[in-house]
Amino acid sequence: MTVATIIAEWEARGSPLEVSDANTRLWREGTGAPVLCLHGVPASGFLYRKVLPELAGLGLEGVTLDLPGLGFADRPVTFDYSWTGLARWFEQALVAADIERYHLVVHDIGGPVGFEMAARSPDRILSLTALNTMTNVASFHRPWMMAPFAVPVLGRVWLAPMETPVLWLLMRYSGMLDTPSRDEVMAYGTLLKRTDGGRAFLKIMQGFERTAAYEDRIKHALAKRTYPAQVIWGRDDPALVMKKYAPEVCAALGVETWHEVRGKHFLQEDSYRQIAEKVAEIAR
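So the mapping is simple: the working numbering equals the position in the sequence shown, first residue as 1, plus 23.
With beta-carbon atoms standing in for the labels, derived distance ranges: (1) R307 - A31: 31 to 37 Å; (2) T202 - V278: 26 to 32 Å; (3) Q297 - R248: 19 to 25 Å; (4) D44 - P145: 22 to 28 Å.
With a straight-line Cα cutoff of 27 Å, these simulated DSS-like cross-link-like pairs (lysine-lysine) come out: (5) K301 - K73; (6) K266 - K301; (7) K216 - K73; (8) K226 - K242; (9) K301 - K267; (10) K301 - K247; (11) K242 - K301; (12) K266 - K242; (13) K226 - K216; (14) K247 - K266; (15) K267 - K247; (16) K267 - K242.
Just so you know, the hints here were simulated from the structure itself, not pulled from any lab data. Using N, Cα and C, we set each Cβ at its ideal position, and we do this for glycine too.
Hey, can you work out the whole structure from these sequences and the hints?
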């Protein structure tokens with residue numbers, strides 16, 4: 024299939040969701056308890072396209088949506104693209120989608136955003152699964168392949184080739200192994216730049232809240248949690264290296280160790296079935 028066909032088929036699986044400040048698109052598959060899958064950057068809900076049907080097959084409802092500035096979501100110029108702003112919007116999106124309580128899956132910067140949700144509305148979370156993310160945000164440094172996006176002028180230069188073979192090379196190096204096709208990989212670039220050329224994405228990259236206050240807030244919320252939690256890691260991630268970041272996330276969640284699976288940073292591409300099975304286990 025072509026990139027355009029892949030994106031059109033993915034779009035057709037979802038439906039519009041009207042949310043204050045930024046409308047988005049929502050995907051729901053299955054009829055059980057909702058499992059809300061939160062993406063990071065430079066991705067969108069597209070990252071979970073293989074995970075949702077697996078969750079549905081295990082008796083759960085797989086749910087994902089696009090955060091503002093990414094995928095099919097609106098990209099308003101004046102939106103608050105900080106982690107706090109995204110979490111605030113996320114709460115509004117859950118109300119619009121009529122989702123009260125849910126199992127939460129987070130990835131990449133979806134981790135800090137989701138952990139902020141754990142601080143804001145802890146009683147709504149039934150379980151938490153953390154995939155290749157970070158909790159020690161005050162000392163976090165963007166990986167080399169993502170760092171240029173946070174620099175105002177350099178970010179636009181680095182963004183320019185994200186619909187060319189440069190994207191495919193970067194994704195193969197840091198993101199995924201051999202499961203997705205070349206056109207599926209290239210779809211990430213098209214969804215990233217879509218209607219604004221990626222300008223909103225650059226604002227997200229500049230809005231990281233790498234402060235001691237933010238770290239203390241989310242760690243306090245995670246330490247107080249009353250729901251079960253687990254950590255799953257793509258073992259070959261060169262961006263968030265497993266031996267460094269996985270122990271930090273486990274420590275913040277108070278779990279003994281993590282589940283290691285095949286994959287790089289976007290482990291949902293190569294280990295979607297194993298992720299769904301682990302989520303189903305903790306949901307039970």
